[in-house]
Amino acid sequence: MWPNKFDYQRAESVDQALELIGDEGKFLAGGHSLLPVMKLRLSAPEQLVDIGRIDSLRGISADGGLTIGATATHAEIAASGDVQSMCGALADACGGVGDQAVRNFGTIGGNIAHADPASDPPTVLVAAGASVNIQGSDGSRSVGAEEFFVDLFETALEDGELITSVSVPDLSGQKTAYAKFPHPASRYAIVGVAVALSMDGDTCTGASVAVGGATVKAVKCAGAEAALAGSSLDDAALNAAADMAKADIADWLAGDVAYPESYRQQMAGVYLKRAVKAAAG
Amino acid sequence: MSTRIFGSGIKRREDPRLITGEARYTDDIKLPGVLHMAVVRSPYAHANIVSIDSSAAEAMDGVVAVFTGEDVDLAGIPTAWLIPDSDLKTPEHPALAKGKVRYVGDGVAIVLADDRYTAQDAADVVDVEYEELPVVVDPEAAAQDGAPQLFDDVENNIAFRWVMGDKTASDGVFNTADVVVRDKIVQQRLLPTAMEPRSAMAQYNPATQELTLWCTSQNPHIHRFIISAVTGLNENKVRVIAPEVGGGFGSKIPCYPDEALVSWAAIKLGQPVKWTETRSENYQITIHGRDHIQYVEMAASRDGKLLGVRATVYAGMGGYLSTAAPGIPTILHGLLYVGPYMMDSVYCESIGVMTNATPTDAYRGAGRPEATFLLERMVDMVAKRIDMDPAELRRMNLIPAFEDGHEVATTLIYDSGDYPAAFEKALGIAGYDDFRREQAEARGDGRYLGIGITAYTEMCGLGPSQVAGAVGFQGGLWESATVRVTPTGKVQALIGASPHGQGSETTLAQIIGDELGFPVDDIEVIHGDTTETPMGWGTYGSRTTPVTGAALAKASQKLKEKARVLAAHLMEAAVEDIEYADGSFSVKGSPDQSQSIQDVALMAHLAWNMPEGMDPGFEESQFYDPPNFVYPFGTHIAIVEVDANTGDIELKRYIAVDDCGPQINPEIVAGQIHGGVVQGIAQALCEGVIYDDNGQLLTGTMMDYTMPRADMFPNFELGETVTPSPHHPIGVKGVGETGTIASTPTVYNAVLDALTPFGVEGIDMPMTSAKVWQAIQSAQS
Ligand SMILES: Cc1cc2nc3c(=O)[nH]c(=O)nc-3n(C[C@H](O)[C@H](O)[C@H](O)COP(=O)(O)OP(=O)(O)OC[C@H]3O[C@@H](n4cnc5c(N)ncnc54)[C@H](O)[C@@H]3O)c2cc1C
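Read top to bottom, the protein sequences are chains A and B. Each residue of the first sequence is one higher than the one before, starting from 2 at the first, in the working numbering. Each residue of the second sequence is one higher than the one before, starting from 17 at the first, in the working numbering.
Hints were generated in silico from the structure; no laboratory data involved. Don't take every hint at face value.
[Said to hold, decoys possible] Covered, in the sense of this in silico footprint (three residues per stretch, anywhere, with C-beta under 8 Å from a C-beta of chain A), are these stretches of chain B: (1) 673-686; (2) 767-780.
[Claimed, not checked] Straight-line distance between alpha carbons at most 30 Å, and here's what the computed DSS-like set of lysine-lysine pairs gives: (3) A:K274 <-> B:K200; (4) B:K27 <-> A:K278; (5) B:K441 <-> B:K183; (6) B:K253 <-> B:K46; (7) A:K27 <-> A:K6; (8) B:K27 <-> B:K574; (9) B:K200 <-> B:K284; (10) A:K40 <-> B:K116; (11) A:K278 <-> A:K176; (12) B:K506 <-> B:K441; (13) B:K284 <-> B:K253; (14) B:K105 <-> A:K40; (15) B:K116 <-> B:K105; (16) B:K321 <-> B:K284; (17) A:K274 <-> B:K787; (18) B:K46 <-> A:K6; (19) B:K441 <-> B:K27; (20) B:K46 <-> A:K221; (21) A:K278 <-> B:K570; (22) B:K604 <-> B:K574.
The beta carbon of each residue, even a glycine, is placed where N, CA and C say it ideally should be.
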């Protein structure tokens with residue numbers, strides 16, 4: 002509860018942030034993942050570079066798709082009309098993060114950079130086919146969400162790189178949903194399932210599915226997608242998709258004493274069905 | 017006719033300062049020159065200390081001193097409940113470990129520094145070399161031959177073996193009974209989680225040789241007594257102050273090493289010393305509750321007469337015997353084995369076992385929830401076995417109403433009760449018969465509803481001192497209070513007990529206001545300072561309202577008698593002609609002549625015109641030693657729905673009918689029941705300490721340890737019956753723990769009732785969705 006000693010600087014621009022960060026530094030956004038681990042002395046960065054006041058990292062814009070600034074908070078994303086219409090699942094996921102205080106401070110950039118396996122936004126970003134825009138001292142690049150999340154607390158970010166924004170395609174023509182089974186203590190996801198469905202009448206012409214919480218990272222579920230595509234989302238299709246989802250994540254399972262892997266895997270199936278029903282309904 | 021202040025649901029007077037953050041807790045008190053203490057704590061659950069190198073810490077800027085167990089010359093921290101006839105061992109509990117650590121968090125060294133960060137940084141660089149030893153956390157495993165031994169002088173880690181009842185007689189009942197049901201019940205460890213973590217600050221004045229200790233205490237007079245014993249200071253040179261205390265639930269009863277260490281360091285260094293635990297420390301070193309493994313059996317006749325209960329209990333004590341620990345799984349547990357039922361045979365063998373875990377001690381309900389749980393679990397199992405409705409089985413076995421004493425097989429004499437009335441009232445609110453129909457229909461639709469019922473009574477208002485002595489409690493259990501009225505007619509009520517969130521400043525003022533007619537706003541209840549307040553044994557065991565309340569009522573009654581005589585004298589009337597109403601004395605037949613209580617108080621202070629033989633002043637003190645415990649009772653009912661796909665439990669309704677005698681303040685009673693019910697349900701559904709095999713605490717933060725939250729609960733449906741205690745001056749009983757005592761089995765049984773179609777026989781608590789789901793799968797396969 003008493004962090005080790007550290008220096009603190011506030012950056013005014015992305016360039017300045019990249020300059021200040023150094024080898025032992027860490028960017029500070031909302032502080033809701035970083036400060037708790039520092040207080041428990043599990044992490045002891047020597048320097049924090051606060052990116053919270055950099056204008057270019059803020060805000061949400063909609064122009065054929067969404068560009069969500071790295072320091073947009075969960076609360077801002079949940080409340081954004083543009084996000085609600087272009088990717089409702091993301092607004093729902095952000096609206097279900099932690100509690101109100103966490104949503105008011107926590108940012109999407111910090112959330113995905115931290116890459117907690119039980120986080121909510123990554124699962125939706127993977128299902129939505131979003132990409133992460135990254136700036137380093139050598140220039141900028143964009144990485145698809147699926148490649149961005151590598152493993153437990155591990156991303157494609159290199160040391161010293163900054164996430165500037167996240168791009169989310171306009172999915173207003175699809176039906177999206179995020180179904181979450183929250184951990185009763187932390188309220189992080191024991192399981193979270195995101196779906197984006199293309200519908201032609203009652204027929205699902207294409208599906209995108211991702212599972213998080215039950216896994217070390219957000220995992221795209223090709224098997225479940227195939228089981229849904231072409232179906233009328235009847236019980237048989239849902240059961241098949243649930244079984245496929247469980248298989249899709251089999252190599253990536255995560256768990257703990259209270260909620261073991263086997264349980265989470267089964268719940269991924271249950272919550273897949275709930276997500277599809279919520280999207281279609 | 018005026019409305020009585022007794023019985024009125026006025027708002028808690030302490031709340032504005034608590035809600036606005038104006039209240040001052042121990043950690044808020046700032047002293048110039050204060051040093052901050054950090055404790056170097058063992059990362060191992062069981063290890064020998066090979067060496068301690070504190071040179072790097074000592075060299076740091078701002079570090080004043082580092083001390084180890086070899087430096088600290090304090091007497092061991094005592095155990096204060098020495099239960100008799102149990103072959104009790106009280107292994108030494110040094111304030112800092114000497115040579116060996118026995119649980120993760122055991123203190124090894126202390127660092128004193130100018131600020132808190134430096135203290136923590138320096139503690140991190142104290143280099144302790146350990147030699148790891150085998151670890152045992154499970155109390156039953158620890159009692160077996162060959163288990164790792166915590167103390168040389170505690171064979172098989174068994175600190176005590178306490179037996180209640182006649183084994184031969186009990187065996188006879190069980191050998192001949194039609195039906196015997198049995199179960200192994202695990203009462204998991206719980207974290208008390210008071211909102212305010214523990215804190216202690218000590219200041220020593222060498223000129224007067226006085227030590228002042230501010231600390232988070234439920235019983236500052238007991239803390240004074242123990243601090244005096246461990247430091248060697250005379251008790252009259254120790255002042256213990258419990259400022260605002262933010263909850264305790266039992267965890268602030270014990271005297272811990274930390275309080276002793278700040279005291280010792282303040283004396284040694286001549287500077288004030290402060291320590292406040294972090295939440296991580298709170299979870300690691302502040303006592304845990306429960307930790308029983310119970311092998312329980314109940315005997316019954318085929319037609320549903322309950323004949324007897326017997327149990328063997330392994331109670332985990334942790335690495336040391338905490339202050340009251342031995343009394344919890346014994347006296348406060350076994351004596352409740354009859355519950356509210358007509359049952360003639362009881363037998364309990366309770367084995368207290370040292371384990372490589374945090375010490376356990378009293379946690380809300382302390383022993384009585386564990387007893388009520390096993391009884392109610394058994395009753396449901398009997399009902400199932402003989403195929404009788406569980407409500408009907410309870411109904412036919414409840415002790416009929418009694419008004420003045422009913423002796424039961426555990427030797428307790430229950431004071432008063434009308435269990436059937438509370439039971440029928442609860443069933444009525446729940447609509448029990450309709451529910452059974454609804455449940456049957458829902459099952460047809462693949463929905464799993466369940467109902468659980470607990471009928472309970474419990475012993476609280478601890479509780480005559482003679483009994484305390486007989487059961488080895490190293491103290492009395494009376495309380496004392498002074499009602500002091502100032503010349504201007506304002507009241508200071510000084511009490512030895514030490515409330516810390518219960519609303520006693522309000523309820524106790526209502527008692528005085530009711531007796532004497534002072535407005536509640538003119539009455540201050542002063543507590544928590546051993547120099548300012550008279551002796552008392554503290555706030556726990558639902559005893560402050562029954563015991564301190566009785567002392568205040570009697571002191572107030574004495575004052576009223578004095579006032580009546582003085583008023584008669586002032587109005588030149590005969591005492592028999594004085595009438596009292598609403599704080600005013602008047603002469604029978606001449607209503608225009610009157611003296612208010614305030615007038616009388618002023619005249620008693622001025623003493624210009626006192627009756628012959630009456631001393632001046634307007635103040636009375638009263639010691640009160642209760643003649644018996646008080647026995648609140650009631651019936652709780654829960655209705656749940658289980659989602660068979662996930663194992664998720666939804667609590668749909670919760671009904672609590674409690675009888676705590678006449679309610680002084682129904683709002684506060686409801687608040688106590690709400691809080692207690694939530695804590696008890698949390699044991700059933702979500703709270704539970706998990707250690708790994710190495711004794712590492714896996715539930716060390718609130719991210720892993722599931723505290724109950726408001727959104728888990730429906731609106732509680734409360735009801736009451738009112739049965740006064742015959743032996744109490746104003747008839748009241750305690751209500752601080754009833755919610756916790758009754759609610760755990762209620763919800764547990766409701767969940768198992770819901771799972772009947774699956775044939776699930778039992779699930780270890782907490783019944784998380786993962787465990788419920790797994791139980792359904794296992795039962796089906
Ligand atoms: C009580 C609680 C409950 C929570 N519940 C949930 C939940 O239910 N679901 C959920 O998804 N999350 C949950 N969270 C996590 C929350 O969403 C965090 O806010 C989020 O994970 C981190 O965002 P932040 O802005 O606070 O990041 P910070 O804590 O400031 O930073 C986190 C990490 O990301 C790095 N970082 C930050 N911004 C950038 C950037 N732009 N570029 C590169 N690196 C960066 C930092 O250096 C640091 O390593 C919870 C947190 C708490 C405290």
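Verification of the hints:
Figure legend: the segment 673-686 of chain B, annotated as covered by chain A; annotation inconsistent (0 residues with Cβ-Cβ distances under 8 Å, at least 3 required). Note: the segment 767-780 of chain B has 0 residues with beta-carbon separation from chain A under 8 Å; the three-residue rule is not met and the coverage is violated. At roughly 38 Å between alpha-carbon atoms, K274 (chain A) and K200 (chain B) are farther apart than 30 Å, so this suggested pair is violated. About 48 Å separates the Cα atoms of K27 (chain B) and K278 (chain A), which puts this hinted pair outside 30 Å; it is violated.
At roughly 37 Å between alpha-carbon atoms, K441 (chain B) and K183 (chain B) are farther apart than 30 Å, so this suggested pair is violated. Restraint check: the Cα-Cα separation between K253 (chain B) and K46 (chain B) comes to about 22 Å, which is no more than 30 Å; the hinted pair holds. Pair hint K27 (chain A) plus K6 (chain A) holds up; C-alpha atoms about 14 Å apart against a cutoff of 30 Å. Simply put, K27 (chain B) and K574 (chain B) have alpha-carbon atoms about 28 Å apart, close enough for the 30 Å limit, and the pair holds.
A C-alpha spacing of about 51 Å is found between K200 (chain B) and K284 (chain B), which places the hinted pair above 30 Å, so the restraint is violated. A distance of roughly 29 Å separates the Cα atoms of K40 (chain A) and K116 (chain B); the hinted pair therefore holds under the 30 Å criterion. Distance check on the hinted pair: K278 (chain A) and K176 (chain A) sit about 10 Å apart at the alpha-carbon level, within 30 Å; holds. This hinted pair does not check out: K506 (chain B) and K441 (chain B) have alpha carbons roughly 43 Å apart, beyond 30 Å.
Distance check on the hinted pair: K284 (chain B) and K253 (chain B) sit about 16 Å apart at the alpha-carbon level, within 30 Å; holds. A threshold of 30 Å between alpha carbons decides the hint, and for K105 (chain B) with K40 (chain A) the separation of about 40 Å lies outside it, so the pair is violated. As the CA atoms of K116 (chain B) and K105 (chain B) are separated by approximately 18 Å, the hinted pair is consistent with the 30 Å bound. Pair hint K321 (chain B) plus K284 (chain B) does not hold up; C-alpha atoms about 65 Å apart against a cutoff of 30 Å.
Simply put, K274 (chain A) and K787 (chain B) have alpha-carbon atoms about 22 Å apart, close enough for the 30 Å limit, and the pair holds. Among the hinted pairs, K46 (chain B) with K6 (chain A) is consistent with the structure: their alpha-carbon atoms are about 24 Å apart, no more than 30 Å. The straight-line distance between the Cα atoms of K441 (chain B) and K27 (chain B) is roughly 28 Å, inside the 30 Å bound, and the hint therefore holds. Using a Cα cut-off of 30 Å, the hinted pair K46 (chain B) and K221 (chain A) is violated, with the two alpha carbons roughly 56 Å apart.
About 67 Å separates the Cα atoms of K278 (chain A) and K570 (chain B), which puts this hinted pair outside 30 Å; it is violated. Restraint check for K604 (chain B) and K574 (chain B): satisfied, since their Cα atoms lie roughly 21 Å apart, inside the 30 Å limit.
Checked against the numbered hints given earlier, the structure breaks hints 1, 2, 3, 4, 5, 9, 12, 14, 16, 20 and 21 and satisfies all the rest.
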